[in-house]
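K.L.:
Sequences are here, hints too, so could you generate the full structure?
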Amino acid sequence: MVIFKSNECNTPPRADMFLPDFLKHFGFFLVFLAVIFLVATFITQIWGLIIGVLICGMLGITAWLCWKNQTIKIIDEDQFEYTTFLGKTTLYRFSDIRDLRANKDSLTLILTNGKVHIESMVCMSETLYNKIEASLSQK
Numbered sequence: 191m192v193i194f195k196s197n198e199c200n201t202p203p204r205a206d207m208f209l210p211d212f213l214k215h216f217g218f219f220l221v222f223l224a225v226i227f228l229v230a231t232f233i234t235q236i237w238g239l240i241i242g243v244l245i246c247g248m249l250g251i252t253a254w255l256c257w258k259n260q261t262i263k264i265i266d267e268d269q270f271e272y273t274t275f276l277g278k279t280t281l282y283r284f285s286d287i288r289d290l291r292a293n294k295d296s297l298t299l300i301l302t303n304g305k306v307h308i309e310s311m312v313c314m315s316e317t318l319y320n321k322i323e324a325s326l327s328q329k
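Position 26 of the sequence shown, counting from 1, maps to 216 under the numbering used here, and the rest follow consecutively.
Take the hints with a grain of salt, since some may be wrong.
Unchecked claim - The list that follows gives simulated cross-link-like pairs (lysine-lysine, DSSO-like), each with its CA atoms no further than 27 Å apart:
hint, residue 1, residue 2
1, Lys-294, Lys-214
2, Lys-263, Lys-305
3, Lys-305, Lys-278
4, Lys-214, Lys-278
5, Lys-263, Lys-321
6, Lys-278, Lys-321
7, Lys-214, Lys-258
8, Lys-258, Lys-305
9, Lys-278, Lys-294
10, Lys-258, Lys-321
11, Lys-214, Lys-305
12, Lys-278, Lys-258
13, Lys-263, Lys-214
14, Lys-305, Lys-321
Just so you know, the hints here were simulated from the structure itself, not pulled from any lab data.
P.N.:
Here it is, written out as C-alpha cells:
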C-alpha cells in the first residue's frame, strides 16, 4: 500500500489523518485574492473581474473547509471516525475495509458500507496506516 508523504506533517496532529496547514494558508490566500478582485472590480468598473471574486472565493472556502474538516480519528481498536470536507461524520470498522484504490492524486478506501477519500497531501499517523494495512492484508 502506498500512502503519500508530506513535509508539512511536523505540526502537532489534530487527528490520525488530517490535511497539512499549507491548505489552510492557501485557502486564506485565495479568499484574500477574492477581496482584491472585488476591490479592483469597483475601482476599475470592469465587472468581468467579478468572475475572479467567485472563483477565488469559492476555491478558498473549499480549501479551508477541506483542511478543517477532512479527518480520520481512531475511536478504538476496531473503529474509526471519518469526517468529510463538509463536516459529515461517519463511524466505520476496520474490518469493513474491502479494497484500496489508487487514483491519480488520491486514494479511496472501499468499505462494506461506504468510501473514504484520502488526499495525496495527507498527514497520517503510523497507527492508522498500520491498521489499514493489516485490514487489507486479511482480505
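K.L.:
Are there hints from earlier that the structure breaks, and if so, what are their numbers?
P.N.:
none
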